[in-house]
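Just so you know, the sequences run in chain order A and B.
Each position in the first sequence, counted from 1, maps to that position plus 37 in the numbering used here.
Each position in the second sequence, counted from 1, maps to that position plus 324 in the numbering used here.
Note that these hints are calculated values from the structure, not bench results.
A portion of the hints provided could be inaccurate.
Derived Cβ-Cβ restraints for the label pairs, each shown as a range [what the hints assert, rightly or not]:
(1) Arg-412(B) - Arg-76(A): 19 to 29 angstroms
(2) Glu-470(B) - Ile-284(A): 18 to 28 angstroms
(3) Pro-443(B) - Val-388(A): 36 to 46 angstroms
(4) Val-169(A) - Pro-443(B): 34 to 44 angstroms
One-sided excerpt, in silico: chain B residues whose CB lies under 8 angstroms from chain A [claimed, not checked]:
(5) Glu-385
(6) Leu-401
(7) Glu-405
(8) Ala-408
(9) Gly-456
(10) Gln-465
Cβ atoms here follow ideal geometry from the backbone N, Cα and C, with glycine treated the same way.
These are the residues of each chain, in order.
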Amino acid sequence: MPAAGPAATAQMQCSEGADGVRLRIAGHLDAAAAARLWRPASAAAAGAKQLVIDAADLTGLDTSGAVLLLHLEASIPGARTEAPTDESLAGLLARSRAALAQPVTAAPAALPLLAQLGQATLDAGQHGLDRVSFLGEAVMAGAGMLLHPWRLRLSEALRHLDEAGLRAFGLTLLLGFLLGLILAFQSSIPMRQFGAEIYIPNLVGISLLRELGPLMAAIILAGRTGSAFAAELGTMTVNEEIDALRIMGIDPIAWLVLPRLLAAALAMPVLALVLSLAGLLGMGTVMVVLGFPPVAVLKQVQNAVQIKDLVGGLFKAAIFGLVVGLIGCRAGLGAGRGPRAVGDAATTAVVGGIVGVVVLDGIFAVLFNRLGW
Amino acid sequence: MSGTTETEVVIRVQDLAMRFDGRTIFEHVTFEVRRGEVFVILGGSGCGKSTLLKAMIGLYEPAEGRVTLLDEELTGLASAERRALLRRIGVMWQSGALFGSASLAENIEVPLEEHTDLPAEARAMIARVKLGLVGLADAAQRLPAEISGGMAKRAGIARAMALDPPILFLDEPSAGLDPITSAGLDALIKDLARSLGTTFVVVTHELQSILAIGDRCVMLDKEAKGVIAEGDPRVLREHSEHPIVRAFFRRQAMPTPAPAGQGA
Numbered sequence: 038m039p040a041a042g043p044a045a046t047a048q049m050q051c052s053e054g055a056d057g058v059r060l061r062i063a064g065h066l067d068a069a070a071a072a073r074l075w076r077p078a079s080a081a082a083a084g085a086k087q088l089v090i091d092a093a094d095l096t097g098l099d100t101s102g103a104v105l106l107l108h109l110e111a112s113i114p115g116a117r118t119e120a121p122t123d124e125s126l127a128g129l130l131a132r133s134r135a136a137l138a139q140p141v142t143a144a145p146a147a148l149p150l151l152a153q154l155g156q157a158t159l160d161a162g163q164h165g166l167d168r169v170s171f172l173g174e175a176v177m178a179g180a181g182m183l184l185h186p187w188r189l190r191l192s193e194a195l196r197h198l199d200e201a202g203l204r205a206f207g208l209t210l211l212l213g214f215l216l217g218l219i220l221a222f223q224s225s226i227p228m229r230q231f232g233a234e235i236y237i238p239n240l241v242g243i244s245l246l247r248e249l250g251p252l253m254a255a256i257i258l259a260g261r262t263g264s265a266f267a268a269e270l271g272t273m274t275v276n277e278e279i280d281a282l283r284i285m286g287i288d289p290i291a292w293l294v295l296p297r298l299l300a301a302a303l304a305m306p307v308l309a310l311v312l313s314l315a316g317l318l319g320m321g322t323v324m325v326v327l328g329f330p331p332v333a334v335l336k337q338v339q340n341a342v343q344i345k346d347l348v349g350g351l352f353k354a355a356i357f358g359l360v361v362g363l364i365g366c367r368a369g370l371g372a373g374r375g376p377r378a379v380g381d382a383a384t385t386a387v388v389g390g391i392v393g394v395v396v397l398d399g400i401f402a403v404l405f406n407r408l409g410w
Numbered sequence: 325m326s327g328t329t330e331t332e333v334v335i336r337v338q339d340l341a342m343r344f345d346g347r348t349i350f351e352h353v354t355f356e357v358r359r360g361e362v363f364v365i366l367g368g369s370g371c372g373k374s375t376l377l378k379a380m381i382g383l384y385e386p387a388e389g390r391v392t393l394l395d396e397e398l399t400g401l402a403s404a405e406r407r408a409l410l411r412r413i414g415v416m417w418q419s420g421a422l423f424g425s426a427s428l429a430e431n432i433e434v435p436l437e438e439h440t441d442l443p444a445e446a447r448a449m450i451a452r453v454k455l456g457l458v459g460l461a462d463a464a465q466r467l468p469a470e471i472s473g474g475m476a477k478r479a480g481i482a483r484a485m486a487l488d489p490p491i492l493f494l495d496e497p498s499a500g501l502d503p504i505t506s507a508g509l510d511a512l513i514k515d516l517a518r519s520l521g522t523t524f525v526v527v528t529h530e531l532q533s534i535l536a537i538g539d540r541c542v543m544l545d546k547e548a549k550g551v552i553a554e555g556d557p558r559v560l561r562e563h564s565e566h567p568i569v570r571a572f573f574r575r576q577a578m579p580t581p582a583p584a585g586q587g588a
């Protein structure tokens, strides 16, 4: 057993004789002493033709100290160590030497640039295929659910509806109100130059109901709910719960994904509507401040906005909800292993959700234009 | 019992009680751990073994009582002194708790980098020695997600030993391991205790491990909410009169309320 009580910290003496350099280290050689002696001892050993490390008088030794001795021993070919006279210290040194001698596998070398490019292309292709196959699975499961609607886990869908919808109302109201306020204020500046401030409700009303309401609601959904889907399903993937479901003969898509998709698709039109209405309220506030009576603002909105704007917006919102939900669930189920997997899945869900929604919005814009909506 | 008066007490647990939300996990727990011994905390599932361990390392604040580690009382220690004290203990967590984004070698280098002035070259060598000691030299560059449960436990021990602490706490080192790996781990613990003079506090309910490595033990019980036996596990197995201790060591189902008669 190493010396128990407080011991004198290790000191080094270096002497040069006929048989080369002799490094004598005596005292208690622990991590602190090893750190202190590492550089001077290495320097003393470096120039030597022959080296003897005299550790006979060590009173204490830990692995860090042993590593210093072994480092010195390895610095000169043919260096020799005189082991500590204390048997347990000599044992520790021998044990450390044996541990260090075990073969080590080197870290895998990085691929050359061209191979990396190829690997990345293959990975991207594989990911694309995975996405398509996930979409296919989801569609199949959804079709199956239409045939057997009683199989849907309604309680689960309601829970997610509550999470994604009801609990997002506060945030949606606030953002919507502020968005309407800002839009109205910003447009009032150029409109005033033409005396056209009365048309602010037309501008803000149409922008909100057709575009910004669904889009902003989708961004809120991606941030709040898409990431939550990914994190929850990602954790389940890491914990092998998804595998457990599959082995029990339960389709994880039908069991976990469909209730979430349904909740997201149902919650989104409501969120978009709430956001748009809050936005109109914000716009109305600005108009009142600018001196317009509320009745005039209301009339203006009624004239400008048609029911097809609202319906188109809400339809888009439902599709956005479906896409954000799909991307979130896919990110979660496709999570890798290890602690970073869940974080990566959440990031993928949010980034993918937002990008997907914006791209889809562009497609809808062209489509609605062609269809004359 | 062992009669060695000169052996130094390194851990002293006095009248310790833990409660969560008014629910008592255990109370009146008192024992001492001496330098260089392998001390086992054993008991059935849910009896508070891991809670006791976490109270001993200061992770949980005890409801009553105190813990003295290396002559310093853990409860009520100022944060700087507490950190200095915690540097002198190592903990292997039940799951390994390795840092997932770092290789095994880097995992071991973390405490060395934080708490010593050793140069990078020395840290790398120490990591190799520690991994070699637990037989994982060839896995040094792997990530925790790429190794098996048994390897993660051994890597956990290697990391806990990084600073050569005089006391190592191990939470369920052999749970979920095959008998060969588990026996290898037991041999490693015994070996390290003997050659490095490290004191081990091991939480386990693996009977064979307890008998193989334990110098002394305390046994906790869920119903009794405290220690029901203390001493050499081999002696307890042969001579304890306590029905739960007997049932535990003989791997019998507990004689539940009604019948009292038992064979052998």
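Hints, verified against the model:
Under the hint 19 to 29 angstroms, the C-beta atoms of Arg-412(B) and Arg-76(A), about 26 angstroms apart, fit the expected range. A hinted range of 18 to 28 angstroms holds for the C-beta pair Glu-470(B) and Ile-284(A), which are about 23 angstroms apart. At about 41 angstroms, the beta-carbon gap between Pro-443(B) and Val-388(A) stays in the expected band of 36 to 46 angstroms. About 52 angstroms separates the C-beta atoms of Val-169(A) and Pro-443(B), a value inconsistent with the hinted range of 34 to 44 angstroms.
Given the 8 angstroms rule on beta carbons, the hint for Glu-385(B) is violated: about 27 angstroms separates it from the nearest Cβ of chain A. Proximity of Leu-401(B) to chain A is violated relative to the hint, the smallest CB-CB distance being about 20 angstroms (cut-off 8 angstroms). Taken as an interface hint, Glu-405(B) does not check out: its beta carbon lies about 18 angstroms from the nearest beta carbon of chain A, beyond 8 angstroms. The beta carbon of Ala-408(B) is not positioned within 8 angstroms of any beta carbon in chain A (closest approach about 13 angstroms), and the interface hint is therefore violated.
Using the Cβ-Cβ criterion of 8 angstroms, the hint placing Gly-456(B) at the interface with chain A is satisfied: the shortest such distance is roughly 3 angstroms. With 8 angstroms as the threshold, the beta carbon of Gln-465(B) comes within range of chain A, its nearest partner Cβ sitting at about 4 angstroms, so the hint holds.
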